[in-house]
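**Q** Sequence:
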Amino acid sequence: MSETCPHVLTLPSAVTPHTTEGCEDCLKIGSPWVHLRECLSCGHIGCCDSSPNRHARAHAAATTHEVVRSFEPGEDWRWCFADETFV
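Residue 39 in my numbering is what sits at position 19 of the sequence shown, and the numbering runs on without skipping anything.
The hints are simulated quantities; they were obtained by calculation from the structure and are not laboratory data.
It is possible that part of the hints are untrue.
Derived DEER-like restraints, expressed as beta-carbon distance ranges [to be verified]:
(1) Pro26 <-> Trp97: 12 to 22 angstroms
(2) Ser51 <-> Leu29: 16 to 26 angstroms
(3) Gly50 <-> Thr105: 12 to 22 angstroms
(4) Ser33 <-> Gly94: 19 to 29 angstroms
(5) Thr30 <-> Gly50: 17 to 27 angstroms
(6) Gly50 <-> Leu29: 34 to 44 angstroms
(7) Gly50 <-> Pro93: 22 to 32 angstroms
(8) His38 <-> Asp69: 12 to 22 angstroms
(9) Ala82 <-> Gly50: 29 to 39 angstroms
(10) Lys48 <-> Thr24: 33 to 43 angstroms
(11) Pro52 <-> Thr24: 20 to 30 angstroms
(12) Trp97 <-> Thr30: 11 to 21 angstroms
(13) Leu47 <-> Trp97: 21 to 31 angstroms
(14) Leu31 <-> Asp69: 14 to 24 angstroms
Even glycine gets a Cβ: it sits at the ideal position worked out from N, Cα and C.
Construct the entire structure; sequences and hints are all you get.
**A** Okay, structure coming up:
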């Protein structure tokens, strides 16, 4: 894991998840998801790259909010989409 990712330095100290019900974009369109990711810039909950719609990655591309964390129980890791690495 790398803690030198410059995108981590721009994150707020805390965010509140927009929902705890699932991928907020999949919920709107009635689509399934596999795993959830929380945007650490704004709290958007999106689905992972193994999900059909890859909403977490799409959110990162649309907003330049690059860093997410796993929103799965028992998991504690972060990923930077811009650098394609764990942070």
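**Q** All hints, please: hold or fail.
**A** Cross-check of the supplied hints:
1. Pro26 <-> Trp97: 12 to 22 angstroms: holds (18 angstroms)
2. Ser51 <-> Leu29: 16 to 26 angstroms: violated (34 angstroms)
3. Gly50 <-> Thr105: 12 to 22 angstroms: violated (33 angstroms)
4. Ser33 <-> Gly94: 19 to 29 angstroms: Given range 19 to 29 angstroms: holds, Cβ gap about 23 angstroms.
5. Thr30 <-> Gly50: 17 to 27 angstroms: This hint is violated: roughly 34 angstroms between Cβ atoms.
6. Gly50 <-> Leu29: 34 to 44 angstroms: At 38 angstroms between Cβs, range holds.
7. Gly50 <-> Pro93: 22 to 32 angstroms: holds (24 angstroms)
8. His38 <-> Asp69: 12 to 22 angstroms: holds (20 angstroms)
9. Ala82 <-> Gly50: 29 to 39 angstroms: For Ala82 and Gly50 the Cβ distance comes to about 21 angstroms; the hint is violated.
10. Lys48 <-> Thr24: 33 to 43 angstroms: Holds - the Cβ-Cβ distance for Lys48 and Thr24, about 36 angstroms, lies within 33 to 43 angstroms.
11. Pro52 <-> Thr24: 20 to 30 angstroms: violated (36 angstroms)
12. Trp97 <-> Thr30: 11 to 21 angstroms: holds (19 angstroms)
13. Leu47 <-> Trp97: 21 to 31 angstroms: Holds: the Cβ-Cβ distance is about 24 angstroms, inside 21 to 31 angstroms.
14. Leu31 <-> Asp69: 14 to 24 angstroms: holds (21 angstroms)
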